[in-house]
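S.K.: Listed below, chain by chain, are the residues.
There are 2 protein chains.
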Amino acid sequence: MGVVLSDFRPVYLTEPVKQGKLREISIRFAEFVAASNGAGGPNAASGTIRAAWEKYCVSPRHIESRRISVLPDAEAAKDPADLDFATIPFTGMFPAKAGGADIDDRLATFRTHARAALERMYPESSDAPGELIHVSTTGYRLPSPAHELVSERNWFRTTVSHCYHQGCYGAFPAVRMAAGSLAAARSGLARAGGRVDIAHTEICSIHVAPDCLDPEHIICDSLFADGFIRYSAYADDAFREHGGRGLEVIRYADMTIPHSLDAMTWRPIVNRFEMTLSIDVPRLIAAHSEEFIGTLLKDAGLDLEADRGDIIWVIHPGGPAIVDLVGRCLRLSKDQISLSKDTLREGGNKSSATVPHIWERILRDPDVRQGTRVVSLAFGPGLTAAAMVARVV
Amino acid sequence: MGVVLSDFRPVYLTEPVKQGKLREISIRFAEFVAASNGAGGPNAASGTIRAAWEKYCVSPRHIESRRISVLPDAEAAKDPADLDFATIPFTGMFPAKAGGADIDDRLATFRTHARAALERMYPESSDAPGELIHVSTTGYRLPSPAHELVSERNWFRTTVSHCYHQGCYGAFPAVRMAAGSLAAARSGLARAGGRVDIAHTEICSIHVAPDCLDPEHIICDSLFADGFIRYSAYADDAFREHGGRGLEVIRYADMTIPHSLDAMTWRPIVNRFEMTLSIDVPRLIAAHSEEFIGTLLKDAGLDLEADRGDIIWVIHPGGPAIVDLVGRCLRLSKDQISLSKDTLREGGNKSSATVPHIWERILRDPDVRQGTRVVSLAFGPGLTAAAMVARVV
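Chains as they are written, first to last, in our numbering: chain X, 53 to 445; chain S, 53 to 445.
Next comes chain X alone, as it looks inside the complex (with noise of 0.2 Å):
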């Protein structure tokens, strides 16, 4: 039996910020959440806060712009010296509690963000997946946003999933379980349902720490971004019976990375979700990828040398190095890893929902024909590398 991926549906909550004004923000919240903790602490002066975030803060560069939902619209376009940082709905809560908005605060922020883009992402006329496969690294709450959609439109017998805390390469376990789950319907342990969906809500904005002006948060603050996008896994005879484009699943693996345990850290904090990471994590990445890579591939019968140049790479950018270090391991030439690097350019680091990102965009792409393989390759703490190998059909 095979699995197509299909019907991919991006939902921006907010509209892009220019990094360079996210810089700024991001610079006077840290300055109100400072005054508001009184002075005396090195991070309450100005010029440190600013002297940081000038040095640290991701490039625009590498990023161009990003979504951010805890910050509506209508504020973000504003100069970012008319903001009232005390009445903006997330920011607003910071002066509240030392360190910010609590956890619990925090939660029921990705909640109400999260209830939004599952809306969006079903029309009041949709259909009733078989499954739907929630996966989120930034958010959990029982009953879960997805409890909530069935609740709300009366699919009661759709199996609820929860594909949670792993990371940036949250996709490929998801794709893992729907094709686990359309496989073993086909074999009778469950009513076949031809259609199991994927519902992504990464709310990385809720995790900010600007009272931090550690070298590492504020490339954390400044490099994730918000993303929401879902997809259907179809059985194949159900995929031909609906026709559209898709991503035929040809193959999957993953592997840990040797001795790299410590070199990724993400867990739940008094405040926040927070985040570690090493300097090494791209080496750590890349030394392994040529090997992992090429076995995969000749698993879905392919050859790493000789059908290199054919295949679409799909590099987790999950920050500007790697995908120049992974791309190097598997000898890439510039062009074949832009699709990474315009991603990351065009819109952050989105979590688990930036490969499927990309994933939509080479299916709207009508210069990608019938038949071209796509290898995708995410990472995240493990360290664990994902890959798919698939196929445009």
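The reader is advised that the hints may include incorrect statements.
Copies of the same chain look alike in the list, so a pair counts if it works inside one copy or between any two.
Here are the computed lysine to any residue pairs in the SDA-like style, where the Cα-Cα straight-line distance is at most 20 Å [to be verified]: (1) K130 to G144; (2) K393 to G371; (3) K130 to R80; (4) K70 to A128; (5) K393 to G361; (6) K107 to L313; (7) K70 to T161; (8) K350 to G240; (9) K73 to E343; (10) K350 to R209; (11) K73 to D134; (12) K350 to F208; (13) K350 to A244.
In case anyone wonders, no lab produced these hints; they're calculated from the structure.
Go by the hints and put chain S onto chain X.
M.R.: Okay, now just chain S, sitting in the frame of chain X:
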């Protein structure tokens, strides 16, 4: 392709403690927290604490004993009057911060016990599974305890999957994922492993709130226990080669209960994961049990009326009321629900690990004959009901 669950291996990190003794320890722990926070609040009065706990603590009639990882055996063995909470690792963290240990402290404790449990589930001589699905509703950190295990064992090609934040019915999505992985590998989408492992680590005891005397909190704090169990899902040919006893998965299904979104919630807050529970939960679930199970049985080629008596029934013992109520709706005899009630009585509600502990018990029972059907049912936030029909092989 068939899928068989086998090799159930429960792990016990601590000895069971009698419910009456746990009640006394909880009362003294709450008094210790109240005293640490200073006098003043109404809860500080020792008499108030004792009265509330004596009124709302789940009775030893329903739960004889529970295992609590955060209380070392040597402490649990003492007379509660002799406990010095300030020196016990977990409880000693409470006076340090308002509301007790914060979520980061608690999840660090989760990590310690989950790692210890996984080590015990996998003796050094263990073979690498093709995939390891880590199931938890009580702790999420990346890298996860499963990442740590595969990394330390050099199982770099074992796929790590997380089945998180699904509540007490978590074994059902985990079995779905495992069956799906085996079926997808059979269709050539991944390397065929033949064996997918599922490991539950539920450490409910890190989420206690001794300073909270609300009835529903006392019920939760006296109902839940810690549970650790692993088992393997085999493709049928791999199982035949492996031998032994198992549960062949025949059919599964789940549903969202209409108009029940607010009846149960589970969310990360500043200092723990917090549960809310409406008194309507048993009624809401029971109202749909007959139709839900009747349809599932029909899909599995069985008939509720004709086959009821020959089936071994597993009803997740979420609390004392639910098993009786669901049993009545399905018109089961007292004997038919005794397995579920005994499990609650002997160990409390171990969240997602509870049902797998019952499966283990069924397979250990020499009186259970090959071919016997086992129908299992569990519930959680959504509200969600999940069920599975299996056969002893």
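S.K.: None of the hints should be skipped; say for each whether it holds.
M.R.: These are the hints, each one checked on the structure:
Taking identical chains as interchangeable, the C-alpha atoms of K130 and G144 lie at most 20 Å apart only when both belong to the same chain, with a minimum of 16 Å there against 50 Å between chains. In this homomeric assembly, K393 and G371 come within 20 Å of each other (Cα to Cα) only inside a single copy, at 9 Å, whereas the closest approach across copies is 53 Å. With identical chains, the CA atoms of K130 and R80 are at most 20 Å apart within one copy only, with a shortest distance of 13 Å there and 56 Å across copies. For the homomeric pair K70 and A128, the shortest alpha-carbon distance inside one copy (10 Å) is at most 20 Å, but the shortest distance between copies (59 Å) is not.
In this assembly of identical chains, K393 and G361 lie within 20 Å of each other by CA distance solely inside one copy; the values are 18 Å within and 63 Å between copies. Taking the shortest Cα distances, K107 and L313 never come within 20 Å of each other, neither inside one copy (28 Å) nor across copies (47 Å). For the homomeric pair K70 and T161, neither the shortest alpha-carbon distance inside one copy (23 Å) nor that between copies (42 Å) is at most 20 Å. Taking the shortest Cα distances, K350 and G240 sit within 20 Å of each other only across copies (13 Å), while inside one copy they are farther apart (31 Å).
Taking CA atoms no more than 20 Å apart as the test, K73 paired with E343 passes in neither setting, with 41 Å inside one copy and 57 Å between copies. In this assembly of identical chains, K350 and R209 lie within 20 Å of each other by CA distance solely across copies; the values are 16 Å between and 40 Å within a copy. Proximity of K73 and D134 under a CA criterion of 20 Å is satisfied intra-copy only: 13 Å inside one chain copy versus 61 Å between copies. Only between protomers do K350 and F208 lie at most 20 Å apart by alpha-carbon distance; the minimum there is 18 Å, versus 42 Å within a single protomer.
For a Cα distance limit of 20 Å, the shortest separation of K350 from A244 across copies, 15 Å, qualifies, whereas the shortest one inside one copy, 31 Å, does not.
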